[in-house]
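Asker: Listed below, chain by chain, are the residues.
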Amino acid sequence: MTTLRPGPDPLVSEASLFSYLVTRPTGRAVRMGIEEQVAGCEGEVLTVLDFKDVAVIDYSCADEVVAELAFIAVRRPARLETDPRGPRRRFVLIRGLEAHHQDPIDSALRRRELAVAAELADGQPVLLGAVDESEAHLWRLVCERERIGPEPLDGELGLPEGEARVRLDELYRRRLLLRRAGEYISFRRVLFESAGRRERREPAPDRRGRRDTDTGRSSS
Amino acid sequence: MSRVIQLPDTLDENTFEELISDLENARQGERLLFDARHVRWVSPYGLIGLLAAGQVGSDRTGLAPALEVPDSSDVRSYLDRMDFWQNASTIYDLGAHSTRPHGRSDALLEITPIRSHQDVHHVVERVREQAALILESRLHYPKPAVIQFSVMLSEVCQNILEHAEAVGWVCAQTYHWKRRLGRDVLVLAVMDVGLGFQGSLAAEHARRYGDRWSAATALEAAFLKGESRFRDPGRGQGLQAIRKQVTKWNGEVRIRSGDAMIARVPDWDDLSPLRADLPYFPGAQVLIVLPARAEEPVGT
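The listed protein sequences correspond, in order, to chains A and B.
Residue numbers for the first sequence follow this note's numbering, beginning at 1 and rising by one.
Residue numbers for the second sequence follow this note's numbering, beginning at 1 and rising by one.
Accuracy of the hints is not assured; some may be wrong.
Unchecked claim - Below, simulated DSSO-like cross-link-like pairs (lysine-lysine); rule was C-alpha separation at most 27 Å, straight line: (1) A:52 to B:178; (2) B:244 to B:143; (3) B:143 to B:248; (4) A:52 to B:225; (5) B:225 to B:178; (6) B:248 to B:178.
Claimed, not checked - Label-pair distances were calculated between CB atoms; the ranges are: (7) B:136 to A:133: 34 to 42 Å; (8) B:38 to A:28: 55 to 63 Å; (9) A:121 to B:225: 57 to 65 Å; (10) B:144 to A:130: 20 to 28 Å; (11) B:130 to A:41: 39 to 47 Å; (12) A:133 to B:279: 21 to 29 Å; (13) A:41 to B:203: 32 to 40 Å; (14) B:203 to A:145: 28 to 36 Å; (15) A:28 to B:203: 17 to 25 Å.
Hints listed in this document are in silico derivations from the structure and should not be mistaken for laboratory results.
Just so it is clear, CB atoms sit at the ideal spot from N, CA and C, and this is done for glycine as well.
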């Protein structure tokens with residue numbers, strides 16, 4: 001099931017994956033469903049892949065779903081960046097990750113020299129795929145603080161201002177965090193703000209637990 | 001004209017070469033008779049090997065081969081329980097032989113044809129519960145092993161669909177290897193009679209290897225280097241993952257294709273890791289052996 005959460009920045013698309021994610025055609029169908037959901041979306045979209053109910057994922061499916069989505073996010077900027085409606089950027093976050101999901105996903109990403117941000121089932125942030133320790137360290141610092149900048153970063157991360165920004169920009173280029181007006185934002189923060197916006201937009205439920213509207217939410 | 005192919009009394013991975021060596025000379029229009037009367041023991045590899053050999057015989061002669069059923073009632077009963085006759089009926093001319101009603105076997109997986117990705121889903125979902133029981137209680141593997149086994153099963157079956165362009169079969173059974181190992185083992189066999197590794201990888205890799213291109217180099221490229229018939233860097237992970245996982249469990253994996261065989265050889269076997277002198281046989285034949293852990297895990 002895929003759910004879209006509207007918002008100015010960025011749009012969050014949630015995809016709950018299920019059960020047995022095995023074989024390439026299955027992976028392809030799942031990915032196409034996810035892509036279709038956000039195909040017409042302008043601006044930035046954070047796709048959240050929820051692995052909570054995934055019993056098994058094999059290497060082929062990990063490649064078709066996660067590595068392909070990461071590839072689309074990073075390696076096809078020309079088509080997305082020159083869209084007449086404005087730059088269209090894609091980000092991916094995995095949630096509910098269990099130990100047995102990690103090897104197929106990590107291996108699929110490494111083969112393509114890609115990386116993806118993830119949260120373990122207990123909420124701990126981890127990077128999967130081709131990342132070196134210094135990248136992972138810097139990324140964890142951003143996750144801990146949730147957002148960093150736009151104030152000067154000199155010394156903040158144990159690095160000179162210029163180098164810190166170069167390395168943070170590289171994490172942004174790899175679509176592992178968001179960047180806005182000199183500020184670098186973790187995906188968890190994005191989700192927190194998106195949930196807050198949704199709460200404010202949605203009227204309180206009535207006595208029977210119903211809401212008047214469910215504007216902007218779609219599911220498949 | 002007819003040719004009798006005498007089956008060895010033990011039909012397994014070690015006698016497979018004997019089974020297929022007579023097939024090399026089969027001619028178009030020749031009627032083959034696979035004489036299984038003296039077969040006394042069959043392994044999963046032997047079971048689907050007999051299907052594969054029959055299919056190749058049929059392809060070469062243009063006639064459905066005949067199969068003389070084993071004299072041993074134990075073997076016949078095992079073949080019944082493993083759904084052998086049901087699968088053989090599409091390959092062999094079985095004459096008056098009919099499958100008798102039988103109960104469920106104690107095998108992890110009876111002979112199952114792999115024709116589509118739905119079949120792979122079916123196999124993976126079907127074995128999960130029993131595989132968990134076998135891996136934990138008989139092989140003493142840790143709990144997550146069932147997931148890793150499911151992944152391995154999925155990848156090895158997909159290999160048929162991705163590379164063979166032909167039907168394949170999968171079969172799995174547990175044994176106690178008293179003499180060879182003194183431990184329980186899970187034996188998984190997967191076969192097809194399609195393109196084979198050399199044919200599948202040729203378009204993408206043969207030129208680079210030049211004169212050295214062969215079934216053996218194709219197996220090395222796929223099994224050791226993770227090369228695939230596709231340019232996509234995401235392809236070719238499956239066999240690598242299987243090799244890694246089997247190594248972790250100190251198991252054996254051997255892949256035979258064309259006239260070659262490559263293997264990950266554990267310390268408990270003395271198989272040659274690479275052979276290139278075997279009788280030609282199309283497709284790919286995979287055997288995976290997972291042994292019980294040598295010592296009981298602490299705390300259980």
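Asker: Next step is simple, just say for each hint if it's right about the structure.
Answerer: To see whether the hints hold, each was checked on the structure:
1. Proposed proximity of residue 52 of chain A and residue 178 of chain B is contradicted: the alpha carbons are some 42 Å apart, above 27 Å.
2. Annotation: proposed proximity of residue 244 of chain B to residue 143 of chain B holds, straight-line Cα distance about 18 Å (limit 27 Å).
3. Taking the CA atoms of residue 143 of chain B and residue 248 of chain B, the gap is near 15 Å; set against the 27 Å cutoff, the hint holds.
4. The straight-line distance between the Cα atoms of residue 52 of chain A and residue 225 of chain B is roughly 33 Å, outside the 27 Å bound, and the hint therefore fails.
5. This hinted pair does not check out: residue 225 of chain B and residue 178 of chain B have alpha carbons roughly 35 Å apart, beyond 27 Å.
6. Between residue 248 of chain B and residue 178 of chain B, the direct Cα distance comes to roughly 22 Å. Compliance with the 27 Å bound is thereby established for this hinted pair.
7. Checked against the hint of 34 to 42 Å, the pair residue 136 of chain B and residue 133 of chain A passes, with Cβ atoms roughly 36 Å apart.
8. Hint check: residue 38 of chain B to residue 28 of chain A, Cβ distance near 49 Å, so the stated range 55 to 63 Å is violated.
9. A hinted range of 57 to 65 Å is violated for the C-beta pair residue 121 of chain A and residue 225 of chain B, which are about 35 Å apart.
10. At roughly 24 Å, the beta-carbon separation of residue 144 of chain B and residue 130 of chain A lies within the given 20 to 28 Å, and the hint holds.
11. At roughly 45 Å, the beta carbons of residue 130 of chain B and residue 41 of chain A sit within the given window of 39 to 47 Å.
12. Between residue 133 of chain A and residue 279 of chain B the beta carbon distance is about 51 Å. The supplied range of 21 to 29 Å is therefore violated.
13. Our hint of 32 to 40 Å for residue 41 of chain A and residue 203 of chain B holds, since their Cβ atoms are close to 39 Å apart.
14. As the Cβ distance of residue 203 of chain B to residue 145 of chain A is approximately 51 Å, the hint placing it in 28 to 36 Å is violated.
15. Taking 17 to 25 Å as the suggested C-beta distance range, the pair residue 28 of chain A and residue 203 of chain B conforms, at roughly 22 Å.
In this structure, the earlier hints numbered 1, 4, 5, 8, 9, 12, 14 are contradicted, and the remaining ones agree with it.
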